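Visitor: Given the coordinates of chain S, work out where chain Z should sit on it, guided by the hints.
Sequence order for the protein chains is S and Z.
The numbering of the first sequence is our numbering, which starts it at 1 and goes up by one.
The numbering of the second sequence is our numbering, which starts it at 1001 and goes up by one.
What the hints contain is simulated information worked out from the structure, not anything from laboratory work.
Just so you know, these numbers come straight off a predicted model, no measurement behind them.
The reader is advised that the hints may include incorrect statements.
[To be verified] For lysine-lysine, the following PhoX-like pairs were computed, each having C-alpha atoms within a straight-line distance of at most 20 Å: (1) Lys1002/Z / Lys1070/Z; (2) Lys1056/Z / Lys41/S; (3) Lys66/S / Lys55/S; (4) Lys1042/Z / Lys41/S; (5) Lys64/S / Lys20/S; (6) Lys107/S / Lys1002/Z; (7) Lys55/S / Lys20/S; (8) Lys1042/Z / Lys1056/Z; (9) Lys1042/Z / Lys20/S; (10) Lys1067/Z / Lys1002/Z; (11) Lys55/S / Lys14/S; (12) Lys1056/Z / Lys1067/Z.
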Amino acid sequence: GAVVSQHPSWVICKSGTSVKIECRSLDFQATTMFWYRQFPKQSLMLMATSNEGSKATYEQGVEKDKFLINHASLTLSTLTVTSAHPEDSSFYICSARDPSSTITGAKNIQYFGAGTRLSVL
Amino acid sequence: QKEVEQDPGPLSVPEGAIVSLNCTYSNSAFQYFMWYRQYSRKGPELLMYTYSSGNKEDGRFTAQVDKSSKYISLFIRDSQPSDSATYLCAISGSARQLTFGSGTQLTVLP
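Chain S on its own, in the form it takes in the complex (with noise of 0.2 Å):
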């Protein structure tokens, strides 16, 4: 099955760094890959669509120049929270998905990393 590996798992940083976070497709090539934030006991918020090769595209209220994403190559997505502060203290995950599967609307599916636990001091 596709597998997405997302590192690091948990990052503390000091208030004021930027920390970079990498979300990778093992086994397939993502032309998109999708950033997410949750909190405790929330669902899903998507922040961003990351295209490969082109700019992504941010959900309405997502600071772009505080989560930088690159998408540079069809195996790998970054996003960078910029100049941290303890309120994008959160959780992130990544998706992918994988377009060279046949089976009808399976392009659809996301697959998603473990997460990153983001802790801002």
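Guide: For chain Z alone, coordinates are given in the frame of chain S:
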């Protein structure tokens, strides 16, 4: 009205029970239906995918879709303590973005 409604629970059942999880949706353009399982502090894991009305079975799990009622269900037979997790329904249309339910927290008691 939310596009996808899911009872957040929490739901607590004894081991061996049959669990029924449900979602309703409002947009008839939705065509593809998924159930994910999410353990605490982990990413969601795909359990079931279906695109047609009717039942789809995989081991102890059965996904049911009723497009006429805009209602989807996930049944878990012979539930185990290891099934304790949050279950998210996710629905998609031609735009391919997923719309998630709020998640149902399930606890299976040994």
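Visitor: All hints, please: hold or fail.
Guide: Hint by hint, here is what the structure shows:
Restraint check for Lys1002/Z and Lys1070/Z: the C-alpha separation of about 13 Å stays at or below 20 Å, so the hint holds. Between Lys1056/Z and Lys41/S the alpha-carbon distance is near 28 Å, which puts this suggested pair outside the 20 Å criterion. Using a Cα cut-off of 20 Å, the hinted pair Lys66/S and Lys55/S holds, with the two alpha carbons roughly 15 Å apart. Proximity of Lys1042/Z to Lys41/S is assessed by CA-CA distance (about 13 Å); at most 20 Å being required, the pair is judged to hold.
Between Lys64/S and Lys20/S the alpha-carbon distance is near 14 Å, which keeps this suggested pair within the 20 Å criterion. Of the supplied pair hints, the one linking Lys107/S and Lys1002/Z is violated, its CA atoms being roughly 24 Å apart against a limit of 20 Å. The suggested pairing of Lys55/S with Lys20/S holds, with an alpha-carbon distance near 17 Å, which does not exceed 20 Å. For the suggested pair Lys1042/Z and Lys1056/Z, the alpha carbons sit about 26 Å apart, so the restraint of at most 20 Å is broken.
Pair hint Lys1042/Z plus Lys20/S holds up; C-alpha atoms about 18 Å apart against a cutoff of 20 Å. Annotation: proposed proximity of Lys1067/Z to Lys1002/Z holds, straight-line Cα distance about 17 Å (limit 20 Å). Restraint check: the Cα-Cα separation between Lys55/S and Lys14/S comes to about 28 Å, which exceeds 20 Å; the hinted pair is violated. For the suggested pair Lys1056/Z and Lys1067/Z, the alpha carbons sit about 14 Å apart, so the restraint of at most 20 Å is met.
The earlier numbered hints that this structure contradicts are 2, 6, 8 and 11.
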